[in-house]
Amino acid sequence: MIIRNARVIDPANKRDEVGDVYISDGKIVASKSEIRNPKSEIGEINAKGLIVAPGLIDMHVHLREPGFSHKETIESGAGAAAAGGFTTVVCMPNTSPAADNPSTIAWIRDRAAAVACVNVLPTGAISKNLAGEELAPIGSLAQAGVVAITDDGHCVQNHEVMRRAVEYARMVDLPVFDHCQEYNLVGNGVIHEAYWSTLLGLPGWPAAGEEAMVMRNILLAELCDHHIHCQHLTTAGSVRLIREARARGVKISGEVCPHHIALTDEAIQNFDTNCKMNPPLRTQADVNALLEGIADRTLSILCSDHAPHADFEKEVEFDAAPFGIIGLETELGLFLDLLVHKHRKIDIARLIEMYTVEPARLLKIDAGTLSTGAPADVTLIDPKLEWTVRVDQFQSASRNSPFDGWKLKGRAVRTIVSGKTVWKL
Amino acid sequence: MTTRWTRKDLLGLRELSADQINFVLETADAFKEVGTRQIKKVPALRGKTLVNFFVEPSTRTRTSFELAAFRLSADVINISASDSSLTKGETLKDTARNLEALHADILVLRHGSAGAPQFLASRLKASVINAGDGAHEHPTQALLDLYTIRERRGKIDGLHVAIIGDILFSRVARSNIFGLLKLGARVTLVGPSTLVPREFEKLGVEISYKIDDVLPKVDVVNLLRIQHERQRREYFPGLGEYTRLFGLTKERAKLLKPDCLIMHPGPINRGVEIDSDVADGVQSVILDQVTNGLAVRMAVLFLCGGISTE
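Chain order of the listed sequences is S and A. If you use my numbering, the first sequence corresponds to residues 1 to 425, in order. If you use my numbering, the second sequence corresponds to residues 1001 to 1310, in order.
No wet-lab data here; the hints were simulated from the structure. Among these hints, one or two may not hold up.
Only pairs whose alpha carbons sit at most 25 Å apart, straight line, appear in this in silico DSS-like list of lysine-lysine [as the list claims (entries may be wrong)]:
id, chain 1, residue 1, chain 2, residue 2
1, S, Lys409, S, Lys345
2, S, Lys384, S, Lys364
3, A, Lys1125, A, Lys1155
4, S, Lys407, S, Lys14
5, S, Lys409, A, Lys1250
6, S, Lys14, S, Lys364
7, S, Lys314, A, Lys1155
8, A, Lys1182, S, Lys314
9, S, Lys14, S, Lys384
Covered stretches of chain A (chain S as the covering partner; in silico rule of three or more C-beta atoms under 8 Å from a C-beta of chain S) [unchecked claim]:
id, segment
10, 1089–1103
11, 1106–1116
12, 1131–1137
13, 1204–1216
Beta carbons: idealized from backbone N, C-alpha and C, even for Gly.
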């Protein structure tokens, strides 16, 4: 297959030029002459005006299987990923049973191999049953093929348990991801603690509840000399802490979800449960700090925290509704629209780097590049295409998005995994 | 009466204009007279069905709504959390749709979750009246408080009102703040710093942690019950200390202007937020509030119930 006349952006190789990309036998090859079986593989795509990028990686999604297939399945979640331009997704372990044991990891990998149209990489739990008390068999999880450990959705409160988890993960060379939430400070909070929580009488979730754990993670990353990645950061204080720690060389990183820069806590004023997520929507000052953190590379990863829930679960009283929204099919559009076009915080090459090189380096996976010999995972992006979000057209099995009807500029138009087109606009 | 009422629901005072609040109070004037008659009943809502749907326990507010509905000749049924299907796992939405399938015209909802009345109002044809949702709003309580102040002082504009106690968890406080500010009053919140966070200043009120400085200046004190059964312990050290710092004791009551009104939404904890003698004293209008609550709720049911038939 040949993709012609595109703007090829391959940050791993510092390539940004109009040119062609050649694919043979599921791999990237250097030239047309290396396409092994020209007759069967000579499909040609004229990609004039489009960007050809390495297949994008979303390292924070919930695919809900096993256990919650009424919300999403590995198959439907992978379909949503493909429709969003993602060739690789990293799924979180808060399934039922939890992915805290090698058998569940094996099941997820088998299921993905059978039904998923994109690469699905599982994470394993830090603690048994995500309870934060005893370590999960992290070494066995590593052997079973997890790419990181995390208790996402939960947060290990006991600093000693977390310390030993990080030390142990260092031995088996797995990065540790953390959902930063200090339970005593957060209590039963469902909305950022500030003006709108005061006005609406909803229990507040203070910024300090996130920042206390970011600080803990910085200290433990230093103590254990091992990488801790802080998931879905939302506050100005978290950005400041991470910036200072990275400047000192601490092995710490942070990620941003599109809803935390697209919306503020004001969106909750009508009690819309599609604006309820954990951590919650914050203030404009926090949004501005996140944007600056993205611009100056303090925050290096973009992701969705794709969290499907069924309509009947979300259509309840605000404080009874589950946290989370889906995001795979809107995140690239939102980030292109907001970061590149509207706020001009980064250029499109950096955006692609944050979705490819950065997660691939953290996860130590062979992905996120158009290097010769790499798997032919490719995303074609039309950065100027104007489109309207329609949740009823989503590939995801769920519809819990606050972005229905939003008009966005830029999106993926074709997703190729191992040389095969798995989705096309 | 120049203001027309076009609202199907009463969800809170934040969404009402000063004109609309005054219109409810004026309508209540007409209904207050009904309570003094030999036959305390008018046919305004005859043939209408009202459901008192109390997912959170309440005696005072439920009884007041029930009696108000009886006096308007509506048919009333009461459903509480324990005998509803919510305990069997039914969602709020399904329970309410079932009530609507029985052609209920007015749903009076008391619920522990902020926003539950908004949730139902946007999904049901029936009128939804908020009888208290979590720590969000309790509009009829604030309306009866406004009515009582207006009745006693002839106006609200320009008066200075202190709301004292647990503000953070209080829906009564929030609805009073919205209503009082819209009608031109000045509002000062008083209570422990943990229960009166500074964030409230952004709503347009003042905050003081020194009750003795505030009492001599105000025209009304509205005391809120300390909801000690709900509180996590960390908010303040104990009821004894609360009384010492913020209780309206006999001594403190001497600081009040002679014409200052003492209000309380009830139930009272005598000896905690208010001394027994002060609660029963000449400045107390606590029982007037209860009486006025009936007239105000009749007005609200009449106005909203009248809309749903159009």
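Against the structure, the hints:
{"no.": "1", "hint": "Lys409(S) <-> Lys345(S)", "verdict": "15 Å, holds"}
{"no.": "2", "hint": "Lys384(S) <-> Lys364(S)", "verdict": "32 Å, violated"}
{"no.": "3", "hint": "Lys1125(A) <-> Lys1155(A)", "verdict": "36 Å, violated"}
{"no.": "4", "hint": "Lys407(S) <-> Lys14(S)", "verdict": "32 Å, violated"}
{"no.": "5", "hint": "Lys409(S) <-> Lys1250(A)", "verdict": "67 Å, violated"}
{"no.": "6", "hint": "Lys14(S) <-> Lys364(S)", "verdict": "19 Å, holds"}
{"no.": "7", "hint": "Lys314(S) <-> Lys1155(A)", "verdict": "45 Å, violated"}
{"no.": "8", "hint": "Lys1182(A) <-> Lys314(S)", "verdict": "34 Å, violated"}
{"no.": "9", "hint": "Lys14(S) <-> Lys384(S)", "verdict": "23 Å, holds"}
{"no.": "10", "hint": "1089–1103", "verdict": "holds (count 3)"}
{"no.": "11", "hint": "1106–1116", "verdict": "holds (count 5)"}
{"no.": "12", "hint": "1131–1137", "verdict": "holds (count 5)"}
{"no.": "13", "hint": "1204–1216", "verdict": "violated (count 0)"}
In terms of the numbered hints stated before, the structure departs from hints 2, 3, 4, 5, 7, 8 and 13, listed from lowest to highest.
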